[in-house]
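Student: Build the full structure now, drawing on both the sequences and the hints.
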Amino acid sequence: MSEFEPKIVAFVCNWCTYAGADLTGTSRIKYAPNVRIVRFPCTGRIDFMLLLKAFSQGADGIIVSGCHPNDCHYTSGNFHARRRWMAFRNLAEFMGIEVERIQFSWVSAAEGAKWADLVNSTVNRVRELGPYDAYRQMAASSWQ
Amino acid sequence: MQKRSIRRAQINVLLEKLLSLHQVIYAPQKLGNQVDFAPLRDLQDLTLDHIQTVRSAKAALFPPVEELLRYQRAGVETELQDRDLTNLAEQVLFGTRPCDAAAIAPLSAVFTTDDQDAIFARRLERTTVISVSCERSDGDCFCTSVGVGPGDSRGSDLLLTRLQDDEYLAEILTAKGEALLQLAPELFGPEPAESKEAHLAKVQKRFDWEALHDKLAGAFDHPFWLRTALACLGCGACAYVCPVCSCFDIQDEGSQKKGRRLRSWDSCGLALFTLHASGHNPRSIQSQRWRQRMMHKFSYMPDQLQQLGCVGCGRCSRACPADMNLIEQVENFLFA
Amino acid sequence: MTSFSNLYKPYLLRIERITEEAPGVRTFRLAFTDQQEKERFHFKAGQFGEYSVFGEGECTFCIASSPTRSDYIECTFRQMGRVTSALMNLEEGDTIGFRGPYGNVFPLEAWQGKSLLFIAGGIALPPMRCVIWNALDWRDRFKNITILYGARTVSDLVYKHELQEWQTRPDVNVVTTVDPGGETPDWKGKVGFVPTVLEKMAPSADNTIAIVCGPPVMIKFTFPVLTQLGFEPDKIYTTLENRMKCGVGKCGRCNVGKLYVCKDGPVFTYAQLKEMPAEY
Amino acid sequence: MEALQKSAREALENHKAKVIIGYSEGSGGRMRPIFVQSPAEAEKLTWNDRCTQNLAVYIAKPEVQKLGKPALVAPLPVLRAVLQLASENQIKEGDLLVLALSDGRVTELSQFSEMEEFVAKTPTHLASKDQEAIERLEKMTPQERWQYWQSELTRCFKCYACRAACPMCYCSRCTVECNQPQWIPVPAHPLGNWEWHLMRAMHLAGRCVSCGACGDACPLDIPIHLLTMKVEADIHREFGSQAGMKVQSEHALSSFKVQDKENFII
Numbered sequence: 001m002s003e004f005e006p007k008i009v010a011f012v013c014n015w016c017t018y019a020g021a022d023l024t025g026t027s028r029i030k031y032a033p034n035v036r037i038v039r040f041p042c043t044g045r046i047d048f049m050l051l052l053k054a055f056s057q058g059a060d061g062i063i064v065s066g067c068h069p070n071d072c073h074y075t076s077g078n079f080h081a082r083r084r085w086m087a088f089r090n091l092a093e094f095m096g097i098e099v100e101r102i103q104f105s106w107v108s109a110a111e112g113a114k115w116a117d118l119v120n121s122t123v124n125r126v127r128e129l130g131p132y133d134a135y136r137q138m139a140a141s142s143w144q
Numbered sequence: 001m002q003k004r005s006i007r008r009a010q011i012n013v014l015l016e017k018l019l020s021l022h023q024v025i026y027a028p029q030k031l032g033n034q035v036d037f038a039p040l041r042d043l044q045d046l047t048l049d050h051i052q053t054v055r056s057a058k059a060a061l062f063p064p065v066e067e068l069l070r071y072q073r074a075g076v077e078t079e080l081q082d083r084d085l086t087n088l089a090e091q092v093l094f095g096t097r098p099c100d101a102a103a104i105a106p107l108s109a110v111f112t113t114d115d116q117d118a119i120f121a122r123r124l125e126r127t128t129v130i131s132v133s134c135e136r137s138d139g140d141c142f143c144t145s146v147g148v149g150p151g152d153s154r155g156s157d158l159l160l161t162r163l164q165d166d167e168y169l170a171e172i173l174t175a176k177g178e179a180l181l182q183l184a185p186e187l188f189g190p191e192p193a194e195s196k197e198a199h200l201a202k203v204q205k206r207f208d209w210e211a212l213h214d215k216l217a218g219a220f221d222h223p224f225w226l227r228t229a230l231a232c233l234g235c236g237a238c239a240y241v242c243p244v245c246s247c248f249d250i251q252d253e254g255s256q257k258k259g260r261r262l263r264s265w266d267s268c269g270l271a272l273f274t275l276h277a278s279g280h281n282p283r284s285i286q287s288q289r290w291r292q293r294m295m296h297k298f299s300y301m302p303d304q305l306q307q308l309g310c311v312g313c314g315r316c317s318r319a320c321p322a323d324m325n326l327i328e329q330v331e332n333f334l335f336a
Numbered sequence: 001m002t003s004f005s006n007l008y009k010p011y012l013l014r015i016e017r018i019t020e021e022a023p024g025v026r027t028f029r030l031a032f033t034d035q036q037e038k039e040r041f042h043f044k045a046g047q048f049g050e051y052s053v054f055g056e057g058e059c060t061f062c063i064a065s066s067p068t069r070s071d072y073i074e075c076t077f078r079q080m081g082r083v084t085s086a087l088m089n090l091e092e093g094d095t096i097g098f099r100g101p102y103g104n105v106f107p108l109e110a111w112q113g114k115s116l117l118f119i120a121g122g123i124a125l126p127p128m129r130c131v132i133w134n135a136l137d138w139r140d141r142f143k144n145i146t147i148l149y150g151a152r153t154v155s156d157l158v159y160k161h162e163l164q165e166w167q168t169r170p171d172v173n174v175v176t177t178v179d180p181g182g183e184t185p186d187w188k189g190k191v192g193f194v195p196t197v198l199e200k201m202a203p204s205a206d207n208t209i210a211i212v213c214g215p216p217v218m219i220k221f222t223f224p225v226l227t228q229l230g231f232e233p234d235k236i237y238t239t240l241e242n243r244m245k246c247g248v249g250k251c252g253r254c255n256v257g258k259l260y261v262c263k264d265g266p267v268f269t270y271a272q273l274k275e276m277p278a279e280y
Numbered sequence: 001m002e003a004l005q006k007s008a009r010e011a012l013e014n015h016k017a018k019v020i021i022g023y024s025e026g027s028g029g030r031m032r033p034i035f036v037q038s039p040a041e042a043e044k045l046t047w048n049d050r051c052t053q054n055l056a057v058y059i060a061k062p063e064v065q066k067l068g069k070p071a072l073v074a075p076l077p078v079l080r081a082v083l084q085l086a087s088e089n090q091i092k093e094g095d096l097l098v099l100a101l102s103d104g105r106v107t108e109l110s111q112f113s114e115m116e117e118f119v120a121k122t123p124t125h126l127a128s129k130d131q132e133a134i135e136r137l138e139k140m141t142p143q144e145r146w147q148y149w150q151s152e153l154t155r156c157f158k159c160y161a162c163r164a165a166c167p168m169c170y171c172s173r174c175t176v177e178c179n180q181p182q183w184i185p186v187p188a189h190p191l192g193n194w195e196w197h198l199m200r201a202m203h204l205a206g207r208c209v210s211c212g213a214c215g216d217a218c219p220l221d222i223p224i225h226l227l228t229m230k231v232e233a234d235i236h237r238e239f240g241s242q243a244g245m246k247v248q249s250e251h252a253l254s255s256f257k258v259q260d261k262e263n264f265i266i
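Residue numbers (my numbering), protein chains in the order written: chain X, 1 to 144; chain S, 1 to 336; chain L, 1 to 280; chain H, 1 to 266.
Rather than coming from a laboratory, the hints here were simulated on the basis of the structure.
Positions of the beta carbon are idealized from the N, C-alpha and C atoms, including for glycine.
Be careful, since some hints might not be right.
In silico lysine to aspartate or glutamate, EDC-like type, Cα no more than 16 Å apart, as pairs [to be verified]:
(1) Lys9/L <-> Asp82/S
(2) Lys9/L <-> Glu186/S
(3) Lys257/H <-> Asp22/X
(4) Lys246/H <-> Glu93/H
(5) Lys9/L <-> Asp115/S
(6) Lys114/X <-> Asp22/X
Coverage of chain X stretches by chain H, computed from C-beta distances (three or more under 8 Å per stretch; other residues unrestricted) [to be verified]:
(7) 31-38
(8) 48-60
(9) 74-82
(10) 132-144
Here are the in silico distance ranges between beta carbons for each label pair [as the list claims (entries may be wrong)]:
(11) Asn263/H <-> Gly93/L: 52 to 58 Å
(12) Arg141/L <-> Asn87/S: 32 to 38 Å
(13) Phe221/L <-> Glu114/H: 48 to 54 Å
(14) Phe4/X <-> Phe264/H: 24 to 30 Å
(15) Asp221/H <-> Gln164/S: 32 to 38 Å
(16) Tyr74/X <-> Lys261/H: 18 to 24 Å
(17) Gln248/H <-> Gln79/L: 39 to 45 Å
Tutor: Next up, the structure:
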């Protein structure tokens, strides 16, 4: 198991978290290389289906992150997203999806260090959880 | 054809034997409050005292999802991988009712007339059908109205009819049935003295399908359809539980680089079934789709394939969320 | 054991040439990648195929080239849905899948010695182009050949080069028209809907076969005009384009009455259509 | 029963409605929808606890619309569906009449405000069997829940009876049928079923009136109604809003409060 490196997909908004992750890099803060970032105009655009697609395509963990409340570039996209995440998270949990593998977060353009912490803590948690075989097997059984 | 007898316990021995030969056995089993066909893993799960399974056995011959081929693309070159049909398992449909077995003929007619659908044909070739006659029926059964009966042997390789307690009449009907007998001749006893007729369910004949067929021929524009389909919700439940319905969709799954082409069940009851790319839909309202279902089964199929598209199993009536009962629909139409 | 071949396995064809016909409309010239398959492959005017972009699915179009030119097949499509959008992204040299030829044919042999009147609208010229070229390649077997083709606007006219070529031929009478408002300042053709233009043209029905292809609304208004002009219903041909999946009469999608458009069609006479439920 | 038939008869006789959409005794112990167009037929109307279909589903059907203004026989979930449809601008005031049922009484309602009042007075809790089923699942371990839903949803053959039976599923083109891109796999394989049912529940979040018609419609008895009911209950608990209560209401997922719960967000 020691060789398991989690694959993390991060769905982030363009204005805050993506810029924050950029800052992490320009600040030369080191963090786990397990994350693949997908940039969106706003968290309000991050459809829950994307999260499901990530799991079925082999993600072990997911980060969803955007601007802090009241900081949305489009005023309220993150507020709407927050409600949807709540609904989705509860439903996913009810259906037995391992929601600990999904981390929601607010990371601003100034929070380069927070982004590094977020990725590291998510990677560590998912590393302990192990690969998300249950989901992958469901997908594989559909595609075999 | 030869007649033998077999005891209930010996039927289980026969099934054990087939399982040990790695044959897949589709058999009725209790699932929650329902009885349904599923691959048999444990003989304890088998049930035979039901009237009808929720789904028909057609999934064993025409699975809800079936791979047609695989593709892989590298640069501008594409490589196709044909479906390997040599590894299809030998399978047994056990506990099918005579109506289910009778449905194999119309299903085959669709898939093998003119152009032969290889996957279907191959599955059929590798399938042995052991049916069990009906001792009971319910108000939704109407096999006798469409030319089938509770003890019909059509489509079965071996037909079992319970005579009393645990004694069954075994009618060996085909070479595949004969092979079953040869597999374990010791399990079968001599032909019983009694005939099966007295032990079969009494299924009342509710309508004359030939009259229905004839009347449908001129009834495309009949106001009946608009009236009678008001309740129809436009789902595919009737088609998916039907042993004859065989419409399908073809879809690719995967990326443009690599993936597979699948066929999956579809239904004329669904609104998008006939939708053109232009947005034009030849069957734009539900009553037209309901008419298509009736027409296809009782008018078009007999004309095209000399097969009735219905075997009277009654599953559509039991499954319909709006209780569109097929017998009533037909009766009302014949009076309309 | 019976030997089986997979009905749904397509041929692989290579895109040899892409022609831009109109906005969102392209023609592909396609060649077989397998020489043996090419030699075994024969089709006749009116037949169609299932073209596929792997990963997206299959799409039904007629074969738009003439069987008299057998080095290649051509198809013309308009970008509408998932598959045609994917086709739009392909380039020369790419491979696509093709199943066919399917369906019945325009009985050109039986039309020998007659005049032919082609009436097409919009993107429905492709199914007819196959017949037109076939007839032109057998020009001496027919009497007058007339082509009436209309589109919404000038830019929507497909096969512009071929239209010009046909127009310059002395042995073909070509009339083009665009819907009112669709003309450009230098437009030399007619302005008006196809049925109206047809009515004014008043071609003779004498010993003439009419072949009509177009959107449902054009067909609906063209048949009565032809009838008025004296065309018998069995002298009017059209081709139906119902939604299809399998192409071989199994999937049930194109079912109209006791016929399958894919197997029993797509070519029907007006006389046949009158006997069928109007589910197309 | 007589009260219902009498109200229906009067509504037709007084031309308040052209068709009564109600329940009648069907075949094999099942109930069925009935479209009563003449006062004489009103005697076929009935109501009992086997009437699980949500009749509001017929409001949007073109063939039914052709019959003229309907009066819906409306137990609470039908009434709530009507209000929710109104709040989503699918119906207008005066489009229909409602014969609301409660405690054996029939109340004729034509104004949305009357319907809102009626609903506000009626308890909206889930049926105890559904409540218990949800609680039983909540008590399971995540692995057990995964197993449970895997085995249930894998059986689905995608007949879409759940969608067809749902009054809130009125889209002419469902997400499952959108193919550019193909969000949900078309075939009824485990992943295709899983994504379909999860998507269905999410798209009904804040809109589901918890009638259970989807689960009852399922020919394979898959308890899919628990998914939408669970989402709806959570939304009610967390955001305080409930579908099908008010016409002028902010929809749970197209509105927000700055102080909405975010204890799961770091």
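Student: Against each hint, give a clear statement of whether it holds in the structure.
Tutor: Each hint, compared with the structure:
Using a Cα cut-off of 16 Å, the hinted pair Lys9/L and Asp82/S holds, with the two alpha carbons roughly 7 Å apart. Annotation: proposed proximity of Lys9/L to Glu186/S is violated, straight-line Cα distance about 46 Å (limit 16 Å). Taking the CA atoms of Lys257/H and Asp22/X, the gap is about 30 Å. The hint is violated against a cut of 16 Å. Using a Cα cut-off of 16 Å, the hinted pair Lys246/H and Glu93/H holds, with the two alpha carbons roughly 13 Å apart.
Distance hint between Lys9/L and Asp115/S is fulfilled; the C-alpha atoms sit about 13 Å from each other, no more than 16 Å. Taking the CA atoms of Lys114/X and Asp22/X, the gap is about 12 Å. The hint holds against a cut of 16 Å. Beta-carbon proximity to chain H at under 8 Å applies to 0 residues in the segment 31-38 of chain X; the threshold of 3 is not reached and the given coverage is violated. For the segment 48-60 of chain X, the assignment as covered by chain H holds, since 4 residues bring a beta-carbon within under 8 Å of that chain's beta-carbons and 3 suffice.
Only when three residues or more bring their CB closer than 8 Å to a CB of chain H does the claim for the segment 74-82 of chain X stand; here the count is 4, and the claim holds. Check on the segment 132-144 of chain X: 6 of its residues sit with their Cβ under 8 Å from a Cβ of chain H, so the three-residue criterion for coverage holds. Range check, Asn263/H to Gly93/L: Cβ separation about 56 Å, and the 52 to 58 Å hint holds. As the Cβ distance of Arg141/L to Asn87/S is approximately 53 Å, the hint placing it in 32 to 38 Å is violated.
Phe221/L and Glu114/H have their C-beta atoms about 50 Å apart, which keeps the hinted 48 to 54 Å range intact. Taking the beta carbon of each, Phe4/X and Phe264/H are about 25 Å apart, inside 24 to 30 Å as hinted. In this structure the hint that Asp221/H and Gln164/S lie 32 to 38 Å apart at CB holds, the actual value being about 33 Å. Tyr74/X and Lys261/H have their C-beta atoms about 22 Å apart, which keeps the hinted 18 to 24 Å range intact.
Take Gln248/H and Gln79/L: their Cβ atoms lie about 43 Å apart, and the range 39 to 45 Å holds.
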